[in-house]
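*Asks:* Residue numbers (my numbering), protein chains in the order written: chain Y, 1 to 441; chain S, 1001 to 1249; chain P, 2001 to 2168; chain C, 3001 to 3760.
Any given hint could be a false lead.
As the list claims (entries may be wrong) - Under the rule of at most 20 Å between Cα atoms (straight-line distance), these lysine to any residue pairs were calculated in the SDA-like manner:
no. : chain 1 : residue 1 : chain 2 : residue 2
1   : C       : K3740     : Y       : G58
2   : C       : K3534     : C       : L3561
3   : Y       : K289      : Y       : K351
4   : C       : K3221     : C       : G3253
5   : C       : K3756     : Y       : P388
6   : Y       : K420      : Y       : G24
7   : C       : K3756     : S       : Q1248
8   : S       : K1013     : P       : A2084
9   : C       : K3740     : Y       : N62
10  : C       : K3260     : S       : Q1248
11  : S       : K1007     : P       : A2084
12  : S       : K1221     : C       : G3256
13  : Y       : K289      : Y       : N357
14  : S       : K1230     : C       : P3755
15  : Y       : K289      : Y       : A341
16  : C       : K3087     : S       : E1146
17  : S       : K1230     : C       : I3752
18  : Y       : K358      : Y       : T293
19  : C       : K3221     : C       : R3381
20  : S       : K1080     : C       : L3748
21  : Y       : K26       : Y       : K271
22  : C       : K3756     : S       : G1228
23  : S       : K1080     : C       : D3742
24  : Y       : K271      : Y       : Y27
25  : C       : K3756     : S       : L1232
26  : C       : K3260     : C       : R3336
27  : Y       : K420      : Y       : G32
28  : S       : K1080     : C       : P3755
29  : C       : K3730     : C       : G3666
30  : Y       : K351      : Y       : V361
31  : S       : K1221     : C       : G3253
32  : C       : K3156     : C       : G3518
33  : C       : K3498     : C       : D3142
34  : P       : K2018     : Y       : P436
35  : C       : K3087     : S       : Q1151
36  : S       : K1080     : C       : V3744
Please keep in mind that the hints were generated in silico from the structure rather than gathered at the bench.
Here is how the chains run, residue by residue.
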Amino acid sequence: MFDHGQPSYADVNKDIISTMLETGPKYWTLLGITVSVAGICFFMPWFYQLIVGVGAAGMNRNAVWGSYLSNFIFWIGLSHSGTLLSAVLHITNSPWRKAIYRSAEAMTLFSLMTAAMFVMVHLGRVWFVHWSFPIPNQMGLWPNFRSPLMFDVMAITTYLTASSIFIYMGSVPDFAAVRDASTGLRRRLYTIFSFGWRGTAREWHTLGWAYTFFAVFVIPLAVSVHSIVSWDFALSAVPGFHHTIFAPYFVTGAIYSGTAGIVTVMYCLRKFLNFERYIGQVHLDSLGKLLITLSLIWTYINILELFSTWYGGTSFELEALSFKLTGFYAPLYWEMLLFCAFVPLLMLFKKIRWSWNKMLVISILINIGMLTERFIIVATSQPRKFLPGAFGYYVPSWIEFSITVGSFAIFATLFLIFIKWVPAISLYEVKETLRPLRRDA
Amino acid sequence: MSTIVEKLRQYSKPGYYDKFDYHWTMTIDLDRCTGCEACVVACQAENNLPIVGEERFAENREIKWIRIERYWEGEYPDIKMGFIPMLCQQCDDAPCETACPVYATYHNQDGLNTQIYNRCIGTRTCAVYCPYEVRYFNWFTYTWDEPLEQQLNPDVTVREKGVMEKCTFCIQRIRIAKDNAKDDNRRRVRDGEVVPACVQSCPTEALVFGNSNDPEAKVSKMMKSPRGYKVLEELHTTPSIVYLTKVQS
Amino acid sequence: MAIMGTFAFEEDFLAAAKNLTSSGFDNISLLSPLPLEEAQEVLGLGKSPVRHYSLAGAIFGAISGFAMAVATSLVFILPTGGRAIITIPPFLIITYEMTILFGVLFTLVGFHFISGLPAWSDRPYLSSASVDKFVVVVEGADGEQAARAETIIRDAGADEVRHVEDGQ
Amino acid sequence: MAAIAGPAINKMSKISRRDLLQFIGAGGVGVAGGILYGEGVQRNVEFLIPQVVPPEDYSPGVATWYNTVCNQCSAGCGISVRIREGKAKKIEGNPVHPVSQGRLCARGQAGLNVLYNPDRIRTPLQNAAQRGSGNYAEISWDEALTTLGSRIGRLKIEGKAGRVRLLTGRTRGHLDELFAQFMGLLGSEHYQQYDFTYPAAIRAANRISFGVDQLPYYDIKHADFLLSFGADYLGTWLSPVHHSLAYGHLRQGRQGRRGKTVQIEPRMSLSGAAADEWIAARPGTEGLLALGIAHALVNAGNYLGSDRDEWSIALEAYSPSTVSAETDVSEESIVRLATEFSAPGTSLAIAGGATAAGTNAVASVVAVNALNYLAGNLGQRGGVIFNSDPAFSATAGSRQAGLRGMLDLVEAMEAGDVEVLLVHDTNPVYALPENVRFRRAMENVPLIVALSSFHDETTAMADFILPTNTYLESWGDDVPDPGVGFPVASISQPVVAKLYDTLAVGDIILLLARRIGGELPIRLHWATMEEFIKERWREEYELRSAAGEDQDFEAFWRASLEAGVWGQPGAATGDESVPSSSSMIASITDPVSKFAGSESDYPFVLHPYLTATFTDGRGANLPWLQELPDPMTSVVYGSWAELNPVTADELGIREGDILEVESPAGSIRVPALIFPAIRPGVIAIPIGQGHSAYGRYASDRGVNPIHIVATQVDDQSGDLAWAATRVRIKRTGERLRIIKTDGVTRTLGRQILGPKNDHA
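Taking the hints into account, I'd like the entire structure generated from these sequences.
*Replies:* Structure follows, in structure tokens:
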């Protein structure tokens, strides 16, 4: 479990809390970079788009949905890493989860927020977005619960609420620890954050139960969220969207890219917060195995999709298929297959699974692959619908590219802020994994 | 109580809960249609469609509520051209309607598939779901070179950026006709009393418009033609537009 | 008047706890830096009532969710796509999401009620309890009672014992 | 709306009542963040009624409709213009007008773009720099007219009035008469018209074949078999809207009887697309094909006239076999066409387009006329009906200069015989081949005056530009040419108050007459065009009222104004008397076009064609038409050259490759478009684009194929043989994306055009 010898309880507190209290110039420069990238690449283009209209993006008659939506799916997908993973592992109480789940849940939260941003960017009249929420207003407007987009609204708000509660409650004891380790304003703040947590048996007991229930709620939620996202597409008759396989397809993809995302984040935590002691081979190895499994499932579903399309045999489906495999965006498709279906097979070799650097590369490749997968789904189906006379193609504009880049900066910014406010590794759960001290020891 | 129950029962059945006075319907006779596109300009004039400019066309962002699609058959010298006017089919089971999260598009009393511009938030889902690709999105707020704006039809709104728009069967004309009918105490508009701009202009009288709830209406008779068919019928959108195939001699 | 005994070792801490309960001290709290099954057993904490809240929330959410969807379609009788006014399948999805949402929210509320948090009033506490020390707190014991408690704690091998006034 | 009960409607009304609230709501949202606020509020203020159904309290204003005449092409359709708050909102066909019958083509409806065109000339202009610089100074009407008046007046006094020339477009009705009188009184016989689209060949051929110098009424409506030699009767030929109506009737108007149409042309036009059979005969041999059909018809003994022997002798040389070899149309199809054409039921043969624009134009049309004669279609229902009784002054056609006339004019200008040139409603600099050198010749003219609503290539050479009212702002009248088989005259009246400091052409002429002095003001005493028209109509009326009209003129005038048209449907539909065939037989000559450029140097035939939108380039400055996808190719904005796919493959040309199309007369660069329905060895380029100075929508866009047409005259009509030029093409290596609205133009087996098992 621990590559560098077992730490004492005190070490745990020291190591982890110190990363919050001691902030070096490296952190500030990093934060500065991410913030400015987010501002320049995401918000400035977005405001420009608000002024001129969504036409600033490359979407057109043939594809009214574009990269904004594919990015939205991607980020929602990424969000499945944390909550789902941590919840599942919590219930199956697999010990190796304990070191990584906190940051995994943070990922969930922040990628969800980023995804929400993309909905805003996508909308034609974002200044009326509140109409899509069931908020009573003077105009008597009320959303249409028959619309798949309303499913989305409900699902995502629920998911956002649930996962933030999940992560917060999990951190309460650690907030108490930070409180005790700090002074002045910070102390007062964390007194509030921790609800005056003392760590009595009763508190632990209640938290344990509540936490388990959160987990129980969150798992089906996470599954439903991405199924619903997939239904935005599958509920239409558009060839290439209209597949029953879509829900599992999306969910698998989501967990897949999410898990890959965790590997990436783990790597960074290890590097920049020196958590080598807590995040070790065992985590990497288990994540690697999980990734292989997921990649195989994902590949299988992909093949299924192609098959059922081909088996459908209508002119519509076949056209969509051939366009995907050989059309304008075919190179992207094959790139996706390479990164998400073939590259992960390398992890069958322990040598690779055990090397942090190699795993980092693979995990990033997987997410690049997943990003393109989302894009392909959106961009190859719409321009090949039912009337050949309306066939066309769609190329993202530089604004879309820039906003895509910016979204990663937003995510990074949120994460950087997170590691300074919440212990990136759960103190008490790590302690649980330590052998308790004995007098005779 | 019983009435409530029975209302609930009624409401949980698919289809429309009320027999409409009208069901506006159009027939398009492809044997008459010559693809001259008079209808396209008529629509542009009547419904304040923007002049989008060359770049927008290059970007495939033109707005034409009715367009002519053309399909070749065969190769030179035995080659034939088939024209088909494509406009909103005013489907009874419209895929676009269920898609809208804010009820910006819904089915009105006349069996029309209406788009409420000021309710639209621009998710564009309806356009994705529409198999006929007849919904057009305002990617920008378009302007008219002075004094071209003096031509704008005061009965029709100018749409702003970020909203979806589409053929309305010239609902403003229908409304005027209804008002007139009301004024001289007729329950219904007479057949032929109101036609959309495209139908009005069609030089070959290929387009026929009317209320198919009225069996005497010309359109009801046209619909019975053995040449009649609906585009993409297999998707079961039950369009309100019936096409009559071109006769191949 | 409360007595606090600090332990470095889990086993001693638990022993002290057992002895205290067995000798009739009922107003004790056991502070530990990590959850300890045994400690909870000592206090005889079984199933937590939180689960009732979760259930209630879920039921409430389900009902309200479905009700909202149906009510909407009845208030705004806007037919769309030739579907029924009350279309069950989509409404079930709304119901599903609302079930979870309220389940979570109620559980949260439940947690706070049962754990008695937030409680910012100054209660007997040692900051080392959040690091690596195990603390037994005996409250409302005074005079001879206190002495007994102290001895029990000392016998169990506490590093130190201190007396604090309640509500400090 | 309350007429129809039901929740949905109530909802609709609710929605509309919510506007102000929505504004507030959006404001509330806005507080959240600067830009969103701006957006939310401003938009809602601007579009307070932005919805598909206007709010309850908004009652649709009452529109007034004025009937007048369309001037967008020379068909003379009657139109009704919808007026709201003094602004023209929409143009529709005039239901009572026999030509348009309530229908209207794209170009006619785009008339609003003419009226409200941002590029209209708003005040009189005087050239401020050297010619063609487009550098003009605004002047007052008085100034302009006085200057011109004195200038022309002096010439008149000096007896040099012959040095004053008037060149107009196709002008009809009493405006034409006014022009004629004006020039006559001035003492100059040089009043000419130039219209690229004028069917001079048809007219000449009819003169030769039938001895009637007019355009007859082709009764497509009642034909069972329509044989069209290059005439795009649905797009551009003579009277497209009227023909479209007829076509609709021919196809589906008669129970159980569906007329058949056959189109003979090298490149598929709208009419070709509509036809049941499209035959791409070798370009320039269509007339020959007609004779071949005639031969087969006579030989099959389907012509029973007394003079059949003469015919068979005259047609001897044109046996199907020989014709087939020449025209590249199979022998059996020639014979089949002959039988179908002479089969029971009405048949009709028409000629136009390229067929009537070769060096053999008239001969070809004569051949087609012969066909009609042999099938006994003359004066018949569903055949060729002569307009025996035009309402009045149908003489305008005879003023058509044609190429020959224009060449004379150029010569005169170059010789310095032209002192003053008045140009109105015609654009010869654009609509003549470059090597006619019209523009250069104009430089020798001391004073050029353009009466025009827009700047164009010709007005760019003018010293004075007198801005005219558009047809929607002026008085006038018109006799449709060709007519509809019975006397018809339409009145055009201003439907809106004029927008700018402009004048109607007629009024300008009258004012000018006053300035010139002499007997002109006395003879042309009318204050305005309106007065003039009205008086002329009174005369006509009194003339006709002898023929039993019995209401007083004012009533008649009001009625005519209201209807926008006057006609005598009851009147005789032409004379049934079949003209003698001798002249026709005599006039049968070998109708094969002579192409400029040898086949070896110039392997391709250039096929410039008129489009339904731009005709001879006039429509190019109307945004609606620029944005109207071309009916056959869906291209918008710009020009293209159509090639057969096979040809393209051979030359390795892809869509968008810019080609250099070079004729003996010049060359143009234009992107290639692969067009499946064009004869290999033919390059088709649409006419209409390629303007250098015609407003923001038309200028510097595309190319003008007329410019590279070799200047060949068809001797019998004296008109330009614009379809008789050979070209060679070269790939320049550059590419240009052709902007089309079409995606894929094959149905991919999808049943979009209807179920495959067709009901015939």
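*Asks:* Each of the hints needs a verdict: does it hold here or not?
*Replies:* Results of checking the hints against the structure:
no. : hint                   : result
1   : K3740(C) with G58(Y)   : holds (18 Å)
2   : K3534(C) with L3561(C) : holds (10 Å)
3   : K289(Y) with K351(Y)   : holds (13 Å)
4   : K3221(C) with G3253(C) : holds (9 Å)
5   : K3756(C) with P388(Y)  : holds (17 Å)
6   : K420(Y) with G24(Y)    : holds (11 Å)
7   : K3756(C) with Q1248(S) : holds (10 Å)
8   : K1013(S) with A2084(P) : holds (5 Å)
9   : K3740(C) with N62(Y)   : holds (13 Å)
10  : K3260(C) with Q1248(S) : holds (11 Å)
11  : K1007(S) with A2084(P) : holds (12 Å)
12  : K1221(S) with G3256(C) : holds (16 Å)
13  : K289(Y) with N357(Y)   : holds (16 Å)
14  : K1230(S) with P3755(C) : holds (9 Å)
15  : K289(Y) with A341(Y)   : holds (14 Å)
16  : K3087(C) with E1146(S) : holds (14 Å)
17  : K1230(S) with I3752(C) : holds (8 Å)
18  : K358(Y) with T293(Y)   : holds (18 Å)
19  : K3221(C) with R3381(C) : holds (9 Å)
20  : K1080(S) with L3748(C) : holds (15 Å)
21  : K26(Y) with K271(Y)    : holds (12 Å)
22  : K3756(C) with G1228(S) : holds (12 Å)
23  : K1080(S) with D3742(C) : holds (17 Å)
24  : K271(Y) with Y27(Y)    : holds (13 Å)
25  : K3756(C) with L1232(S) : holds (13 Å)
26  : K3260(C) with R3336(C) : holds (13 Å)
27  : K420(Y) with G32(Y)    : holds (15 Å)
28  : K1080(S) with P3755(C) : holds (16 Å)
29  : K3730(C) with G3666(C) : holds (13 Å)
30  : K351(Y) with V361(Y)   : holds (14 Å)
31  : K1221(S) with G3253(C) : holds (14 Å)
32  : K3156(C) with G3518(C) : holds (9 Å)
33  : K3498(C) with D3142(C) : holds (18 Å)
34  : K2018(P) with P436(Y)  : holds (19 Å)
35  : K3087(C) with Q1151(S) : holds (7 Å)
36  : K1080(S) with V3744(C) : holds (15 Å)
Every hint from the earlier list agrees with this structure, and none is contradicted.
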